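Sequence order for the protein chains is A and B. Under our numbering, think of the first position of the first sequence as 59, with each following residue one higher. Under our numbering, think of the first position of the second sequence as -8, with each following residue one higher.
Think of the hints as simulated: they come from the structure by calculation, not from any bench. Treat the hints with care, since some could be wrong.
[As the list claims (entries may be wrong)] Derived CB-CB ranges, DEER-like: (1) A:L333 <-> B:G44: 15 to 25 Å; (2) A:T312 <-> B:T60: 37 to 47 Å; (3) B:I68 <-> A:H154: 14 to 24 Å; (4) A:S191 <-> B:D33: 12 to 22 Å; (5) A:G184 <-> B:S66: 34 to 44 Å; (6) B:Q6 <-> A:R83: 51 to 61 Å; (7) A:S239 <-> B:A34: 37 to 47 Å; (8) B:R(-1) <-> A:A206: 26 to 36 Å; (9) A:P250 <-> B:L(-3): 35 to 45 Å; (10) B:D75 <-> A:T355: 41 to 51 Å; (11) B:A34 <-> A:T109: 42 to 52 Å; (12) B:I68 <-> A:S102: 43 to 53 Å; (13) B:T60 <-> A:H154: 14 to 24 Å; (14) A:F104 <-> B:S66: 41 to 51 Å.
Please read these numbers as outputs of a predicted model, since none were measured by experiment. Built from N, CA and C at the ideal position, the CB exists for glycine as well.
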Amino acid sequence: MALKSVDNPRPRRGAFERSTPGVERSVVAGLPGDAAGALSRAASQFLVRGTRAQPLRRPGNPFESLLSDVDCRKQILETELTPWRMIASLEITSQHGLAYIGTGWFAAPRTLITAGHCVFDPVELGGWAREISVLPGRNGDEPPAFPAAASMRFSTTDRWLEAQEPDFDYAAIPLDTDLGSKVGTFGIGVLPDNELSDRLVNVSGYPVTPGDGKSQYFHANRIKALTTRRLFYDIDTMGGQSGSPVWAYVDDTTTPIVVGIHAYGVGGTPADLHLTANSGPRILPEVLDVIRGWIATGTPP
Amino acid sequence: MVHRVLRRGRVVDSQGRPVAGALVSVTWGTAPTPEIGRRTDDAGSFHVGLPPGRFRLQAIAVDGRTGETEVEGGSEIEIVIRLD
Chain A
59 MALKSVDNPR PRRGAFERST PGVERSVVAG LPGDAAGALS RAASQFLVRG
109 TRAQPLRRPG NPFESLLSDV DCRKQILETE LTPWRMIASL EITSQHGLAY
159 IGTGWFAAPR TLITAGHCVF DPVELGGWAR EISVLPGRNG DEPPAFPAAA
209 SMRFSTTDRW LEAQEPDFDY AAIPLDTDLG SKVGTFGIGV LPDNELSDRL
259 VNVSGYPVTP GDGKSQYFHA NRIKALTTRR LFYDIDTMGG QSGSPVWAYV
309 DDTTTPIVVG IHAYGVGGTP ADLHLTANSG PRILPEVLDV IRGWIATGTP
359 P
Chain B
-8 MVHRVLRRGR VVDSQGRPVA GALVSVTWGT APTPEIGRRT DDAGSFHVGL
42 PPGRFRLQAI AVDGRTGETE VEGGSEIEIV IRLD
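Just chain B, with the same shape it has in the complex:
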């Protein structure tokens, strides 16, 4: 597999508060990423491994709120997904 870098991320609500139990997945990408799902912890945190390239991440909360963001892979900058 292309070398992936661990990215730490958080899912937050519209006020910036952490959202626990949200599911995060990579819905689009220019390089292989496994089709595993990630569930955020109590701090809204998740990990995702991304190779170089461009990727779209989607989060969906237990109550159905969703959010997404596009990121460049290969860097170590924290990813923040804000729910609508």
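Pulled out of the complex, with its shape left as it was, chain A reads as follows:
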């Protein structure tokens, strides 16, 4: 199947051909970014690669988004360095004027990807978000290493707009400045089931705690289960981390490749899977197509 892109101010008809989803490998490389920066020590020490049949640790508490009695997330202090600076804190204003926090990541110089519910939620946001401020590489109350940007234009898919299905919970925030050229952009990858199974993946974002939504926290573990459209993983997350990149390293490269978009805690796991995990939509060919469309729309001629 394919997905139609839907924009907030002027909903428009997409023209994506409908077909059966394929799972052939397709990887789009990211950009390192123009900003200077030495190698991040946190990147060399924390990031995980490859596959692993067992979790890096066994989850304990079966209900919390923190999957054991110990919160295993680590604070990233070098948020001015890659890949951390490609991740942004989001400050979201709803139609009611209330404030929310989330996370996004650069897929292109002018395009951030996040969870669909960070830009459109008929219940909590009163529809489309009124405005979202984007703060890349935010590090608590430290002076920002990169300028912030704001947007009142958003895109999501028809499936999220119409039914808010967790499998289709992703969206784009177009920017009027090419901030992503400075901080860099993630690669995006469609990987077949056999390459995703037991793959070690990384998640980093801006949780409500610790850090008051202003500090970046990271955790990594394996992909525990797959469905057609979702990834389930043994990775600690918390409210505010919606929209975080779920990324891997493939083919022994050092290029971070996003394979999913974090969106749900353990309550989002279908009961028939009989597992405890946090989850997010998986990058599939049609997801990559719709993201490419959002990137093309946001790229100046």
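Using the hints, position chain B against chain A.
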């Protein structure tokens, strides 16, 4: 997604006064809720969408005080989270 109902809530201190700028999240639940964070306004108010089921909400103030409560989803009764 399972049908969610808008719940209005407030975060208050031990004297019942509103706490502005606190962050509220759903830390446990029996049904899907997005992992977004909610920041209270000057009246200590927040909104959360909850489907039918049982949920634990946590609030943390800027000064680190925390509080939590468990609620049934699907109703429209106001949620009050009192900070320790």
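If I claimed the Cβ atoms of I68 (chain B) and S102 (chain A) lie 43 to 53 Å apart, would that claim hold in this structure? For S102 (chain A) against I68 (chain B), whose Cβ atoms are near 50 Å apart, the range 43 to 53 Å holds.
Evaluate the given range 42 to 52 Å for the C-beta pair formed by A34 (chain B) and T109 (chain A). holds, 50 Å
Does the beta carbon distance between R(-1) (chain B) and A206 (chain A) stay inside 26 to 36 Å, or does it fall outside? holds, 30 Å
Supplied distance hint 34 to 44 Å, evaluated on CB atoms of G184 (chain A) and S66 (chain B): The hinted range 34 to 44 Å is violated for G184 (chain A) and S66 (chain B), with Cβ atoms some 20 Å apart.
For the range 37 to 47 Å, tell me whether the beta carbons of S239 (chain A) and A34 (chain B) fit it or not. holds, 41 Å
Cβ distance range 14 to 24 Å for T60 (chain B) and H154 (chain A), holds or violated: Once the Cβ atoms are compared, 22 Å apart, the range 14 to 24 Å for H154 (chain A) and T60 (chain B) holds.
CB of I68 (chain B) to CB of H154 (chain A), is that within 14 to 24 Å? holds, 19 Å
Would you say the C-beta atoms of P250 (chain A) and L(-3) (chain B) sit inside 35 to 45 Å of each other? holds, 40 Å
Holds or violated: 41 to 51 Å for the Cβ distance of D75 (chain B) and T355 (chain A)? Since the Cβ atoms of D75 (chain B) and T355 (chain A) sit about 48 Å apart, the hinted range of 41 to 51 Å holds.
For the pair Q6 (chain B) and R83 (chain A), does the Cβ-Cβ distance stay inside 51 to 61 Å? Holds, since Q6 (chain B) and R83 (chain A) (Cβ atoms, about 59 Å apart) stay within the stated range.
15 to 25 Å as the expected CB spacing between G44 (chain B) and L333 (chain A), which holds or is violated: Given range 15 to 25 Å: holds, Cβ gap about 18 Å.
So the hint says 41 to 51 Å: do the beta-carbon atoms of F104 (chain A) and S66 (chain B) match that? The hinted range 41 to 51 Å holds for F104 (chain A) and S66 (chain B), with Cβ atoms some 42 Å apart.
Consistency with the previously given hints fails for number 5 only.
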